[in-house]
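If you read the sequences in order, they're chains F and B. No gaps in the numbering here: position 35 of the first sequence is 35 in this note's numbering, and each next residue is one more. Count along the second sequence starting at 1, add 249, and that's the number in this note's numbering.
It is worth saying that the hints were derived from the structure and are not from the lab. Note that the structure is predicted; figures quoted are calculated from it, not measured. The beta carbon of each residue, even a glycine, is placed where N, CA and C say it ideally should be. Do not rely on the hints blindly, as some may be mistaken.
What the hints assert, rightly or not - Some, not all, of what chain B presents toward chain F, calculated at C-beta under 7 angstroms: (1) Leu-309; (2) Leu-313; (3) Gly-316; (4) Gly-345; (5) Ala-347; (6) Ala-348.
As the list claims (entries may be wrong) - Among the chain F residues that face chain B by a calculated CB cut under 7 angstroms, a handful are: (7) Thr-52; (8) Ser-55; (9) Ala-158; (10) Ile-159; (11) Leu-162; (12) Ile-165; (13) Ile-169; (14) Ser-170; (15) Arg-174.
Residue strings, one per chain:
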Amino acid sequence: MDPIHQFQIVNFFPLFKLGKADIYFTNSALFMFIAVIGLTLFMVGGTAAKRTVPSRLQSAAELTYEFAANMLRSTAGHEGMRFFPFVFTIFMFVLVLNMLGLVPFAFTVTSHIVITAVLALTVFFTVLIYGLARHGLHFFNLFVPKGVPVYILPMIVAIEILSFISRPISHSVRLFANMLAGHIALKVFAGFIILLGSALGVVGWIGGILPFAMIIALTALEMLVAFLQAYVFAILTCIYLNDAIHPGH
Amino acid sequence: MADDTRGNGERKEPPADEAQLSARLQRLGDRLAEANRSSDQRTGSRPAADTSGFARGFRLSTELVVGVLVGGAIGWLLDRWLGISPWGLIVLLLLGFAAGVLNLMRAAGVMPERHLDQ
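Starting from the given sequences, assemble the full structure and let the hints guide the process.
Structure, rendered in structure tokens:
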């Protein structure tokens, strides 16, 4: 009945000790494991045969490749394609985790901000390190827009830097909050059925049809959101990487 | 003399053509750039177009709120480290608000992205 209960981390068995902290294999780790294994099987199985006329699996694998490649090419240009493995991994990982979360009784890994924050910070530091390695100090031109009068430049630079720093936060919060809110809404509506049924008896169970219909609609919406948030996460990754490749001209 | 003028005329002809051609090329380039830009914008705002207004509103509001929060947090930390309370908080909260609006406008596609190519 508690809509937050679904987000609880359960320790399965201890793996090793890191300093004083015990590192456990948790339900979150289990679902990440499932996602990675499933994805690996999907991509390896899809590309194993390499037929000219693709099988269904190969066609699906090619479709995901094309989708991610077009997304990256249209936002970061051809040079951006060197980041394709990175972007594709993030996109598929988040997509599969979001979708897995919709399976009844499954755990939604992306509803924890730790996970999304680590992903977003990885992107952030990739942009920072690659940008600095490739452009040196020219990378900081990113914070100096062209054609700004000198007397307001310090303020603009400060604002641009703040906007740059806030990116990993909005990047991670968006995915996390969408998944969290969606799953709580689902559980709350499911709770209504039980409440109605136990409070009003038969009338309540019949009345429970309404929240049940709502759950079905919400599940469909959540599937859309799961895909969309993975897409948004990946496309923002592309946009940020584009900054590292072509910082302000 | 006649030859000369004709020669001149002939010589003038190609430049005129070239000018025309380059003008047309220029126009074509402009139109292509325009089309590219609009298609970029379309891909950029594609998720927004496909989702409900709720998702779009949520996306834009996070941009604004996060900007303010980050500004406020940095200002608060500066206050603590440098002992200049409350100036760090005041200034950086305002700057953070500006950064949030900037993020918001970029996310909404009202403003061009920060990399102004060409």
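Here is how each hint holds up against the structure:
Hint status for Leu-309 (chain B): violated, given a least beta-carbon distance of 10 angstroms to chain F, over 7 angstroms. Of the supplied interface hints, the one on Leu-313 (chain B) is violated, with its beta-carbon coming no nearer than about 9 angstroms to a beta-carbon of chain F, more than 7 angstroms. Checking Gly-316 (chain B) against chain F by beta carbon gives a least distance of about 5 angstroms; that is within 7 angstroms, so the hint holds. Taking 7 angstroms as the C-beta contact cut-off toward chain F, the hint placing Gly-345 (chain B) at the interface holds, the least distance being around 6 angstroms.
A distance limit of 7 angstroms between C-beta atoms decides the matter here; for Ala-347 (chain B) the minimum to chain F is near 5 angstroms, and the interface restraint holds. Nearest Cβ of chain F to the Cβ of Ala-348 (chain B): about 4 angstroms, under the 7 angstroms cut. The hint holds. The beta carbon of Thr-52 (chain F) is not positioned within 7 angstroms of any beta carbon in chain B (closest approach about 30 angstroms), and the interface hint is therefore violated. For Ser-55 (chain F), the shortest C-beta to C-beta distance to chain B is roughly 30 angstroms, which exceeds 7 angstroms, and the interface hint is violated.
Look at Ala-158 (chain F): its Cβ gets to within about 5 angstroms of chain B, closer than 7 angstroms, so that hint holds up. Taking 7 angstroms as the C-beta contact cut-off toward chain B, the hint placing Ile-159 (chain F) at the interface holds, the least distance being around 5 angstroms. Using the Cβ-Cβ criterion of 7 angstroms, the hint placing Leu-162 (chain F) at the interface with chain B is satisfied: the shortest such distance is roughly 4 angstroms. Taking 7 angstroms as the C-beta contact cut-off toward chain B, the hint placing Ile-165 (chain F) at the interface holds, the least distance being around 6 angstroms.
Hint status for Ile-169 (chain F): holds, given a least beta-carbon distance of 5 angstroms to chain B, under 7 angstroms. With 7 angstroms as the threshold, the beta carbon of Ser-170 (chain F) comes within range of chain B, its nearest partner Cβ sitting at about 4 angstroms, so the hint holds. The restraint placing Arg-174 (chain F) at the interface with chain B holds, with a minimum CB-CB distance near 5 angstroms, inside the 7 angstroms limit.
Consistency note: the structure conflicts with the earlier hints numbered 1, 2, 7, 8.
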